[in-house]
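Got two chains here, each in a separate frame; can you build the complex from them with the hints?
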Amino acid sequence: GENVEQHPSTLSVQEGDSAVIKCTYSDSASNYFPWYKQELGKRPQLIIDIRSNVGEKKDQRIAVTLNKTAKHFSLHITETQPEDSAVYFCAAVGSNAGGTSYGKLTFGQGTILTVHP
Amino acid sequence: GAGVSQSPSNKVTEKGKDVELRCDPISGHTALYWYRQRLGQGLEFLIYFQGNSAPDKSGLPSDRFSAERTGESVSTLTIQRTQQEDSAVYLCASSLRVSTGATYEQYFGPGTRLTVT
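Line order of the protein sequences matches chains P and H. Its first residue numbered 18, the first sequence is counted upward by one per residue in the numbering used here. Its first residue numbered 252, the second sequence is counted upward by one per residue in the numbering used here.
Bound conformation, chain H alone (with noise of 0.2 Å):
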């Protein structure tokens, strides 16, 4: 089937305004991670959902990032007052429902590249 996907690509936006960045898991996979990497840098976690809930938001950097999840589908990332150490690029993964003792392998989206100018 297909694969994780993100929307959009790529976005630039101006500094003070509000963003909001899209994921599509794989169908049947419960468990959706949103990471921030900056350039050349490693992935750094955000927020993590299982199902619509949000058990683990300890990744979020400020108030101004948020995130939500319709069912276990589409999740939307937003950050508002964008700033300009906000730029990177946006990574989404999926996995199977995460479980006492049972890890799952996570897959990417391509990722959105955020440019605050």
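Bound conformation, chain P alone (with noise of 0.2 Å):
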């Protein structure tokens, strides 16, 4: 099955600044990446996800880049602000034993990210 680690698992910024999560996975099948932003007691929100036929998406500030020789993919947020504040996870899409992909997601470990004014 897949597993998916992601660092750093906090990260302090100041406001303006620019934020990069790392996350690497283990299935080379894995073609969906989507990455999650959750607020303190709030459900996940898609914020961006990249598909393995591209390298990289950018939508306004939020960037993913994808690396799918190395099996990495990252996020990259710039000219943070405080509202930017929240735990990050990133995902993969997994197989079961069979090798057969349900879009089952496999999470990273989260990344506590914290900006400040």
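Misleading hints may appear alongside valid ones.
Stated by the list, open to error - Cβ-Cβ distance ranges computed for the label pairs, FRET-style:
| # | chain 1 | residue 1 | chain 2 | residue 2 | range |
| --- | --- | --- | --- | --- | --- |
| 1 | P | Gly18 | H | Asp314 | 18 to 28 Å |
| 2 | P | Gly18 | H | Glu336 | 13 to 23 Å |
| 3 | H | Gln331 | P | Pro25 | 14 to 24 Å |
| 4 | H | Pro306 | P | Asn20 | 18 to 28 Å |
| 5 | H | Tyr355 | P | Asn20 | 21 to 31 Å |
| 6 | H | Gly254 | P | Ile129 | 18 to 28 Å |
| 7 | H | Ser324 | P | Gly18 | 20 to 30 Å |
| 8 | P | Thr131 | H | Ser338 | 23 to 33 Å |
| 9 | H | Glu265 | P | Lys85 | 42 to 52 Å |
| 10 | H | Asp269 | P | Thr131 | 36 to 46 Å |
| 11 | H | Asp314 | P | Glu96 | 47 to 57 Å |
Stated by the list, open to error - Facing chain P, a subset of chain H residues (Cβ under 10 Å, in silico):
| # | residue |
| --- | --- |
| 12 | Gln288 |
| 13 | Glu295 |
| 14 | Ser346 |
Treat the hints as calculated values from the structure; they're not laboratory data. From a predicted model like this one, the values you see are computed outputs, not experimental measurements. Virtual Cβ for every residue (Gly too), placed ideally from N, Cα, C.
Structure (structure tokens):
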């Protein structure tokens, strides 16, 4: 099955700085990599995703890059703002023992991002 | 339209009791997932439904856990003889039908916070 490792576990930046969160995955068959933002006590919200047929995707201040060869992908947030403070989770679609993917997401352990004003 | 909803939002139960958690997916979403999130940790996959069949139950932690789904609508997750280690937030997500080579975005409900005393 899939295994996803996420680093760092905590990240503290000043407002306006950039933040980068990195994840590695183990299943070379994985083809979908979403990022979720979770504020305290709230549901995870999809903020950006990338599929294996592209190397980079950008949406305003948020970008994701994917290196399929190295099996890692990263979230980049530029010009951070205090409201970006939250827990961020990366995920990769996993397959079962038979190698079939049902869209099951395997999540990283999360990164607590704190943006100081 | 409405997002994924879950009930109850909070549930406190005594050890050994059975609990039933409910999920209403987004209308038209035939794929439904249950995840568990322990305090300060990432999300763990429990079970996946496509329509009312469950082709992947690999994440259910023990035979005390079961789930069912009526048609392409409501799903219930049942935990029998609850234990303290079952305390967590149980999250439901739904997406469009999963098909070969295609993975669709999963949208999460607000979760049910289960506390076993």
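Against the structure, test the hints numbered earlier, and report the numbers of the ones violated in rising order. 3
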